[in-house]
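Peer 1: Sequence:
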Amino acid sequence: MRAEKASWRIANERGLKLTTICPALVTGPEFCHRNPTATISYLKGAQEMYSHGLLARVDVTKLAEAHACVFKAMNNNASGRYIFFDHVIDSLSEAENLAKEIGMLKEKIHGDNASNNSMHVYLFMV
Numbered sequence: 001m002r003a004e005k006a007s008w009r010i011a012n013e014r015g016l017k018l019t020t021i022c023p024a025l026v027t028g029p030e031f032c033h034r035n036p037t038a039t040i041s042y043l044k045g046a047q048e049m050y051s052h053g054l055l056a057r058v059d060v061t062k063l064a065e066a067h068a069c070v071f072k073a074m075n076n077n078a079s080g081r082y083i084f085f086d087h088v089i090d091s092l093s094e095a096e097n098l099a100k101e102i103g104m105l106k107e108k109i110h111g112d113n114a115s116n117n118s119m120h121v122y123l124f125m126v
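The opening position of the sequence shown corresponds to residue 1 in UniProt numbering, with each subsequent residue numbered one higher.
Keep in mind that the hints are not guaranteed to be accurate.
[Stated by the list, open to error] Each computed DSBU-like pair below joins lysine-lysine, with the alpha-carbon atoms no more than 30 Å apart:
| hint | residue 1 | residue 2 |
| --- | --- | --- |
| 1 | K5 | K17 |
| 2 | K72 | K5 |
| 3 | K17 | K72 |
| 4 | K62 | K100 |
No wet-lab data here; the hints were simulated from the structure.
Computed from a predicted structure; not experimentally measured.
Whenever a hint applies, use it, and build me the whole structure from the sequences.
Peer 2: Have a look at this one:
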């Protein structure tokens with residue numbers, strides 16, 4: 001977050017066009033095991049995000065495609081900040097599958113609360 005804020009400050013000071021993509025938890029074949037620091041950092045707030053229906057993930061290949069699309073769109077003056085995800089973890093079984101996939105205790109994600117919160121808010125910038 002600090003690096004992004006610094007990037008925006010520098011871009012504004014120098015009159016540069018900037019686009020940032022802020023992904024959800026990046027997953028994919030073996031990705032979480034190759035980048036455990038980012039995974040653990042993201043999941044520090046997993047219980048709270050899950051309880052509010054906001055725990056999301058994105059496949060690394062889709063994220064790469066999104067970067068390419070944004071790069072192409074910048075030729076048409078696109079800029080801004082994009083929050084990117086392709087799936088919201090909205091059930092206990094999905095939370096448990098995610099925990100298993102990344103090698104984390106399931107309680108670290110959903111806590112002791114086994115309820116399924118179904119309230120979700122989705123904001124899209126097109």
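Peer 1: Evaluate each hint against the coordinates.
Peer 2: Here is what the structure says about each hint:
no., hint, in the structure
1, K5 with K17, "14 Å, holds"
2, K72 with K5, "23 Å, holds"
3, K17 with K72, "13 Å, holds"
4, K62 with K100, "22 Å, holds"
Violated hints are absent here; each numbered hint is respected by the structure.
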